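Q: Sequence:
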Amino acid sequence: MNEISKKAVSGNQTVELFSIRNYCFSDSECLAFRKKFSYWKKDGTAFTPPSNATRASNYNNGNPNNAYLDEFKDRDTRLYASIMHPNGPWSYLKGFGTSTLFKWSKGGNNTSKIGYNYKKMADYSSLDENLNTSNNFMLIRYAEVLLIYAEARNEFSGPDPSIYDVLDQIRSRVGMVGISKTQTKETLKDIIRNERRIELANEGHRFYDIRRWKIAPNVMKTVYDITNIQVATRVWIDKFYRFPYPQIAVDLNPKLKEAQAAKGY
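All residue numbers for the sequence shown refer to UniProt numbering, where the first residue is 1 and numbers rise by one.
If you're looking for bench data, these hints aren't it; they were derived computationally from the structure.
Quantities reported herein were computed from a predicted structural model and do not represent experimental measurements.
Using N, Cα and C, we set each Cβ at its ideal position, and we do this for glycine too.
With a cut-off of at most 27 Å between alpha-carbon atoms, the simulated DSSO-like pairs for lysine-lysine come out as follows:
#	residue 1	residue 2
1	Lys-73	Lys-41
2	Lys-42	Lys-185
3	Lys-41	Lys-185
4	Lys-214	Lys-239
5	Lys-239	Lys-189
6	Lys-255	Lys-239
7	Lys-221	Lys-120
8	Lys-221	Lys-41
9	Lys-120	Lys-73
Restraint-style ranges between C-beta atoms, simulated for each label pair:
#	residue 1	residue 2	range
10	Asp-74	Thr-182	21 to 29 Å
11	Ile-248	Ser-57	51 to 59 Å
12	Thr-45	Asn-218	21 to 29 Å
13	Phe-243	Tyr-149	21 to 29 Å
14	Gln-247	Thr-45	43 to 51 Å
15	Lys-263	Pro-161	36 to 44 Å
16	Gln-247	Lys-181	48 to 56 Å
17	Asn-218	Pro-50	19 to 27 Å
18	Lys-255	Leu-131	43 to 51 Å
Can you build the whole structure from these sequences, using the hints too?
A: Set out below in structure tokens:
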């Protein structure tokens, strides 16, 4: 959890629920990225994942078969940029070679439990042997600006050519086909939301998106690992849509305690 989050909810027992960690390079359950398969196929059609049981069988106890590897073929190219997967490219540290193919080490203590790991913003080719880099961290990207426009415009007046134009700009950049121009306001809203999830993956937006869209009860669900074993049970309470007051503010203004209690904290 970052320091701002710690200070904001100091002394609150629900502190971990407000962590906005996005990495899952070694997190055992990799909860930030669930098996929802938001990434389309390369031709723009939906990808239908196998059942949990089938996928566990294909995973073959750490020795994935061809059926499992086929999940990663001909997909949205942003999947390959954001997610580390079997036989995907992985860069060495700067000065220690070029790249290799990622393979699971069966039984490793940080082996992925759901078959996916984030690699976005973990460009090892830019790191020296001390894991230092001179690369700057991006706070906002042009793609985010376009997605903000698309969402706001659609919510205000529904589909229009300018929305399709900005979505196509984002998708064509990565070799994806354009969006069908026959969307309703609701179907386009779903597309824009999914596009945000894909394009902005691991950039700290999803935490806030699911709250402002009020979709948390639908997406914060029980998580199963690659062997179809439950690894986390999530319980959503609507008070989590809002942060509690910082403890320091409550200490300075006792009247906030009543307001805090009214919010469920």
